[in-house]
Amino acid sequence: MNNRIDNCLTQLKEDKEKAFIPYIAAGDPNLNTTVELVKAMADAGADIIELGVPYSEPMADGPIIQKAVQRSLEQGTTLPKILDSVKLIRQTKQVPLVLMSYYNPILQYGLEDFVKDAVQTGVDGLIVPDLPVEECHQLFSLAVEEGLYLIQLVAPTTSNSRLKQVVRYSRGFVYCVSVTGVTGVREESNSKICDLTGEVKDATSLPIGVGFGVSTPEQATDMAQYCDAVIVGSAIVKEIENNPDNAINIVSKLVADFKSALAS
Amino acid sequence: MVQIPDEHGYFGNYGGRFVPETLMPALIELNQSYQMVKKDEKFQNELKYYLSKYVGRKSPLYFAQGLTEYCSGAKIYLKREDLNHTGAHKINNTIGQLLLAKKMGKRRVIAETGAGQHGVATATAAALFGFECTVYMGKEDVRRQALNVFRMKLLGAEVVAVDSGSCTLKDAMNEAIRDWVANVENTYYCIGSVAGPHPYPEIVRDFQSVIGHEAREQILEETGRLPDYVVACVGGGSNAMGMFYPFLEDQQVKMVGVEAAGYGLDSGKHCATLTKGKPGVLQGSYSYLLQDEHGQVVPVHSISAGLDYPGVGPEHSYLKDINRVDYTSVDDNEAVKAFQLLCKTDGIIPALESAHAIAETVKLASRLNDNQIVIVNLSGRGDKDVNSMAEIMGVEA
Ligand SMILES: Cc1ncc(COP(=O)(O)O)c(C=O)c1O
Chain E
6 MNNRIDNCLT QLKEDKEKAF IPYIAAGDPN LNTTVELVKA MADAGADIIE
56 LGVPYSEPMA DGPIIQKAVQ RSLEQGTTLP KILDSVKLIR QTKQVPLVLM
106 SYYNPILQYG LEDFVKDAVQ TGVDGLIVPD LPVEECHQLF SLAVEEGLYL
156 IQLVAPTTSN SRLKQVVRYS RGFVYCVSVT GVTGVREESN SKICDLTGEV
206 KDATSLPIGV GFGVSTPEQA TDMAQYCDAV IVGSAIVKEI ENNPDNAINI
256 VSKLVADFKS ALAS
Chain S
138 MVQIPDEHGY FGNYGGRFVP ETLMPALIEL NQSYQMVKKD EKFQNELKYY
188 LSKYVGRKSP LYFAQGLTEY CSGAKIYLKR EDLNHTGAHK INNTIGQLLL
238 AKKMGKRRVI AETGAGQHGV ATATAAALFG FECTVYMGKE DVRRQALNVF
288 RMKLLGAEVV AVDSGSCTLK DAMNEAIRDW VANVENTYYC IGSVAGPHPY
338 PEIVRDFQSV IGHEAREQIL EETGRLPDYV VACVGGGSNA MGMFYPFLED
388 QQVKMVGVEA AGYGLDSGKH CATLTKGKPG VLQGSYSYLL QDEHGQVVPV
438 HSISAGLDYP GVGPEHSYLK DINRVDYTSV DDNEAVKAFQ LLCKTDGIIP
488 ALESAHAIAE TVKLASRLND NQIVIVNLSG RGDKDVNSMA EIMGVEA
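Note that the protein sequences, when read in sequence, are chains E and S. Each number in our numbering corresponds to the 1-based position in the first sequence with 5 added. Each number in our numbering corresponds to the 1-based position in the second sequence with 137 added.
The following block holds chain E by itself, in its conformation from the complex (with noise of 0.2 Å):
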């Protein structure tokens, strides 16, 4: 079975391209806009599309992440209706979707009915940022047998020897969180994420994404270097959250800038 997230990223290296991977809070400030979102971003050039499921606890996410799940819960959203979103998006676009979920509310879904209507309505990939490998059995073996692809996060804080261990679990690519530390726009980058990326390439073949904290174009082509993808959160949810009305425009110029960058 074919995943939509390795043709693309298979095609991007071939092409010598690095892609770059959006990510919104799924609900904010609506699941109607959401849709709409997606798809700008799709045409902006967004190689692969992040959609945060909103938990009421994410302790992982600093401030900017927190208000805009909150936002989205108070619209009522639920790990359901966004899967009705995807299947929504499918109509027309085929870029590839990854979910970003905290455990419970897959746990809650049920994980091997979460696992087959997630792949059933089109979605791609599964980030769970509270799940470590020791964790992750079950659901990994669910989203093997289904093909959804599970993608792992490694962090400064991990050692070679379980890094090693972490990206036997990891499917689509591997997740190298840039600082230790949560979610959040940063002023300087992590000058020393090339020892993070450096020994993830010794360690498997599968492409290597880069973010948290990332918040410009400068800052992405910088990381560009050490990486297969850029993932940019907070720098495009803080737009949505200053321009929640004209939000489609200003986020598609500021995906369409980011993939320049990258491009150059």
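Simulated from the structure, these hints should not be mistaken for laboratory data. Being a predicted model, the structure only gives us computed values, none of them experimental. Note that CB positions come from ideal geometry on N, CA and C, so glycine has one too. Any given hint might turn out to be false.
Claimed, not checked - For each label pair, taking beta carbons as the anchor points, the in silico distance ranges come out as:
id, chain 1, residue 1, chain 2, residue 2, range
1, S, Val-435, E, Glu-41, 26 to 34 Å
2, S, Ile-165, E, Leu-116, 22 to 30 Å
3, E, Asp-89, S, Val-435, 46 to 54 Å
4, S, Ala-534, E, Glu-41, 50 to 58 Å
5, S, Arg-245, E, Lys-258, 18 to 26 Å
6, S, Ala-283, E, Ser-146, 28 to 36 Å
7, E, Glu-41, S, Phe-266, 52 to 60 Å
Guided by the hints, dock chain S with the ligand onto chain E, whose structure is given.
Just chain S with the ligand now, with coordinates in the frame of chain E:
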């Protein structure tokens, strides 16, 4: 007895480590360090020294004459954790954890707090052992527990008021976790209850078990027999676990954990996690949880800030499922009445948290006869709650 938790941190189905990868190496290191000091005689002696000379242990097991007469049923004994330095059981744990942090070479400690008792206990141990200390506290609790906020500041801690979510204990814990994710390399996270990821539920239980060990010895010494019941309030569950754990193998000893029923079990605004919740993952462990059908944590309420938490430690979930402990609940009004009652019957002002256990004990003891014995854990004293009580009673404090 089977060794719980197992090596992965599971008590039956409950527990585990549901945290960002960034923290996993720190949890593994913490577990290794803890397993070492657990068996290290020198560490245990140092801990004993501070518990005795600094905290003032052992705490008395006091026969509550007045309350016993009032109930005219079973004999009621109070385990006087309120007499510890800083006024609650919380310090048993913070002395233990900060001694461990010292061994691990950490310089900075962070903590979450609800009622402020754990915050004060952490700030105290931090001053004692020379740590830099930051305490996270929900904005709503900063208001409810102003006295404790000032105590922490006097002790040299920085207090951060958290204004996300419901502005209470769980939000303070989220913020503490975020701090730890960012500063994990030099910072020790001192969790205040038997909640959170493995190995915290085990560490906190072990450091609090001194309560039950002493109580067991004291009741045997005084009456020559074990109690029929032990009772404790359950927020995250540390004072209860500390009391229950040493009695778990004594099958004749029945145990009652008392949760906060807030405005009432059917009001939708309570903290009766084990009575009304469903298993899920919150803040690092799989345990009973007050949540909606989509796995979102629901708003909870208790008059007592220390019980105002939608989760519960995983070992309690296990003890509930195997029917070893009976979990009940007491609402705000009952707790307020019990608070006033103990003041009058025995001249003891209990913490509002502990007043929940007192309320349940009154119901229980009244049904029993005078050959029977109930031990209730008086987890803390009520000085911190005097202003709230005045507000509730409509008088000026
Ligand atoms: C006096 C007292 N009792 C009980 C509790 C509840 O915590 P736990 O259930 O962990 O004992 C608190 C928490 O702040 C407390 O201060």
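Cross-check of the supplied hints:
no.	hint	result
1	S:Val-435 x E:Glu-41: 26 to 34 Å	holds (31 Å)
2	S:Ile-165 x E:Leu-116: 22 to 30 Å	holds (25 Å)
3	E:Asp-89 x S:Val-435: 46 to 54 Å	violated (23 Å)
4	S:Ala-534 x E:Glu-41: 50 to 58 Å	holds (56 Å)
5	S:Arg-245 x E:Lys-258: 18 to 26 Å	violated (42 Å)
6	S:Ala-283 x E:Ser-146: 28 to 36 Å	violated (52 Å)
7	E:Glu-41 x S:Phe-266: 52 to 60 Å	holds (56 Å)
Figure legend: structure checked against the earlier numbered hints; hints not met, in rising order: 3, 5 and 6.
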